[in-house]
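S.K.: Note that the protein sequences, when read in sequence, are chains D and S. Start counting at 1 in the first sequence, then tack on 1, and there's your number in our numbering. Start counting at 1 in the second sequence, then tack on 1, and there's your number in our numbering.
These are calculated hints, taken from the structure and not from any lab test. Be careful, since some hints might not be right.
Heads up, the list lumps identical chains together, so a pair's fine if it works in one copy or across two of them.
Heads up, simulated DSBU-like pairs for lysine-lysine below, C-alpha to C-alpha not over 35 Å straight-line [said to hold, decoys possible]:
1. Lys159 - Lys318
2. Lys20 - Lys85
3. Lys287 - Lys85
4. Lys267 - Lys85
5. Lys318 - Lys213
6. Lys315 - Lys159
7. Lys267 - Lys20
8. Lys16 - Lys83
9. Lys287 - Lys16
10. Lys213 - Lys315
11. Lys16 - Lys40
12. Lys40 - Lys267
13. Lys267 - Lys213
14. Lys40 - Lys213
15. Lys83 - Lys315
16. Lys331 - Lys213
17. Lys159 - Lys213
There are 2 protein chains.
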Amino acid sequence: MDQSGNVQHSQPYNKRRGKQSIQFENPVYINASASIVGKKEGEGPLADLFDMVGEDDLFGCNTWEEAESSLQKDAVYLAMGKAKLDSGNVQYLFAGDLLGQSMATSFGMTAYEIPLFGLYGACSTCGESLSLGAMAVDGGFASCVVCVTSSHFASAEKEFRYPLEYGSQRPLSASWTVTGSGAFVLGSTRGENVQAAITGITTGKIVDYGLKDSMNMGCCMAPAACDVIYRNFIDFGRQPEDYDRIITGDLGSVGQRALIDLLAEKGYDISGNHMDCGMEIYDAAKQDTHAGGSGCGCAAVTLAAYVLKQLQEKRWKRVLFVPTGALLSKTSFNEGKTVPGIAHGVVIENI
Amino acid sequence: MDQSGNVQHSQPYNKRRGKQSIQFENPVYINASASIVGKKEGEGPLADLFDMVGEDDLFGCNTWEEAESSLQKDAVYLAMGKAKLDSGNVQYLFAGDLLGQSMATSFGMTAYEIPLFGLYGACSTCGESLSLGAMAVDGGFASCVVCVTSSHFASAEKEFRYPLEYGSQRPLSASWTVTGSGAFVLGSTRGENVQAAITGITTGKIVDYGLKDSMNMGCCMAPAACDVIYRNFIDFGRQPEDYDRIITGDLGSVGQRALIDLLAEKGYDISGNHMDCGMEIYDAAKQDTHAGGSGCGCAAVTLAAYVLKQLQEKRWKRVLFVPTGALLSKTSFNEGKTVPGIAHGVVIENI
């Protein structure tokens, strides 16, 4: 407050940092998280860390889309349970997925009867949901919100590419859509099982380098990731080493090289502490996933199952979590459009 | 602040009203708005009020999707111009459309290089964007944001129904997707051409009555509209007559009857002051639009071209603006799913 006793938070420059970032006035606590994945993810390097692994990818449903809805529903249920909350305690849901008209969210969230903000940022949606959820909490609009995103290999292949039955060949630059959903309970007060806190965000703009190869989404998204990470360094006056890890969502092995090169051109070397969720979730050689995992489930389940545990157990102090999205659709692909990228940065710390 | 001098805004109950609503601490000013529509809308009852009317629905582009992107781009450009701003002054874009993976937004907003939050709430997206945009401003995260949504008859028919060339017959309960885009400049300070202010919001949850008729979306959405309007009355302790108009997005003539009946069952009569944007934008009899207009462009252009002018010119004091969305996709329709609805309420006043 100022001398006249007026609350100053309605003056934006209090919270804004530089051109694209926000430093929250109070830490927004991640009081619980949950991750559910499919069979293939359950056979990968992070297998033991997920809360639930499906025996098959239908999860007892009749269609791939219903299966993805049930992933979201169950992830939210598990996360609320860990935080000892029920849907009556949650004031907003911030949710999204990759399907046309966000159908996994629409049919997965209905039963909770919680006011919902539907989001679409392709595979960056996890970062978008955490950003808006944290703004809702820090802005004094909610004491508790849940953020959830999902993807499903089969529903995504059907949505973006070819029916699985075609057995299409995939180039080595292609990624494998993660079957999974991650949910996060954010609160204004510290929960007893608090995992970490969101202290700031750097919100991305659409970046289009004119690339059109939907089988190399890592390179399509790398410029957007570079832009957000660079802005985060500038806006907060930080260097790569101020983060224990700089964690992109699903650039994969090809996109990672592009990102490291692009940031090197701007004078920043993140080769020592960059991590990509898509490269962590599968053993690319053994599991034939080529460049790595992708999908808004990829960053979400890796954050919930692996990253937050490192922060909670104090192995890491601060990370920059940067889910990355490739903005394309079947129609835009068929009309020969480019594949622009977007990324959303979230600063997460152990406190 | 409390006696200890602590700023209390981080305690949610300051701003929250009831279960689903927010009363903003300061009015969020709508400092400018713009509307662009297609040929058919330019021949309707609101023709003279739109900022721009296309000579044809391609707007000089090669595809319907590119045309919709250009609608969004031009609407934002016009709105920023009226507010004497350029993209450097705008801290966030809150944008969305009806297309799979929100392609109209992805290709329409790239050039502005403004941090973007992509949204999906079907035809309720205009209300969702104004709600989140107002939260960003009132929460102290931005001094200026732009909210934009669009729809296009031809791109929507292709996305949800059949190629236009099929000449499919449409039942009288069907609506006609509006070709248009509306953009709104929200600010924490009062602009010289301020039109009105957002003073509160009531955020909707997904409501599914089990209806499956995608050619009668008005009835699919009416329960969600009823729920939000009812919650708004309860949360703010208001009666229908506290609003000069209660304005739904695109229920059309069939959905309007359902909404009025549903609210009557809850003891509220809105028959005297209910207005539906879908019924205002076309002359249904002369223009063969059956139940009325729909699409996220419908509520957006009607708000920009008509509703805000009534508030700015003090003919109305306060309205409850409730864009309504039907949550379906080609896939969900083909898989025999229901059509749940969602609606987002925004309280707009002349001040």
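S.K.: A separate judgement is required for each hint: does it hold in the structure or not?
M.R.: Now for the hints, and whether the structure bears them out:
1. For the homomeric pair lysine 159 and lysine 318, neither the shortest alpha-carbon distance inside one copy (40 Å) nor that between copies (49 Å) is at most 35 Å.
2. With identical chains, the CA atoms of lysine 20 and lysine 85 are at most 35 Å apart between copies only, with a shortest distance of 20 Å across copies and 38 Å within one.
3. Taking identical chains as interchangeable, the C-alpha atoms of lysine 287 and lysine 85 are never at most 35 Å apart, the minima being 39 Å within one chain and 58 Å between chains.
4. In the homo-oligomer, the alpha carbons of lysine 267 and lysine 85 lie at most 35 Å apart only across protomers (33 Å), although the nearest pairing inside one protomer, at 45 Å, exceeds that limit.
5. Taking the closest pair of Cα atoms, lysine 318 and lysine 213 never come within 35 Å of each other, the shortest separation being 38 Å inside a single copy and 50 Å across copies.
6. In this assembly of identical chains, lysine 315 and lysine 159 lie within 35 Å of each other by CA distance neither inside one copy nor across copies; the values are 41 Å within and 52 Å between.
7. Proximity of lysine 267 and lysine 20 under a CA criterion of 35 Å is satisfied intra-copy only: 17 Å inside one chain copy versus 48 Å between copies.
8. Proximity of lysine 16 to lysine 83 under the C-alpha cut-off of 35 Å is found in both arrangements, the shortest distances being 31 Å within a copy and 27 Å between copies.
9. For the homomeric pair lysine 287 and lysine 16, neither the shortest alpha-carbon distance inside one copy (46 Å) nor that between copies (53 Å) is at most 35 Å.
10. For a Cα distance limit of 35 Å, the shortest separation of lysine 213 from lysine 315 qualifies neither inside one copy, at 41 Å, nor across copies, at 51 Å.
11. Neither within a single protomer nor between protomers do lysine 16 and lysine 40 lie at most 35 Å apart by alpha-carbon distance, with minima of 43 Å and 44 Å respectively.
12. Taking the shortest alpha-carbon separations for lysine 40 and lysine 267, neither the intra-copy value of 40 Å nor the inter-copy value of 48 Å comes in at or below 35 Å.
13. Proximity of lysine 267 to lysine 213 under the C-alpha cut-off of 35 Å is restricted to the intra-copy arrangement: shortest distance 24 Å within a copy versus 53 Å between copies.
14. Taking identical chains as interchangeable, the C-alpha atoms of lysine 40 and lysine 213 lie at most 35 Å apart whether they share a chain (31 Å) or sit on different chains (33 Å).
15. Taking CA atoms no more than 35 Å apart as the test, lysine 83 paired with lysine 315 passes inside one copy only; the shortest distance there is 20 Å, against 51 Å between copies.
16. In the homo-oligomer, the alpha carbons of lysine 331 and lysine 213 lie at most 35 Å apart both inside one protomer (13 Å) and across protomers (25 Å), since each shortest distance falls under that limit.
17. Taking the shortest Cα distances, lysine 159 and lysine 213 sit within 35 Å of each other both inside one copy (19 Å) and across copies (23 Å).
Checked against the numbered hints above, the structure violates hints 1, 3, 5, 6, 9, 10, 11, 12; every other hint is satisfied.
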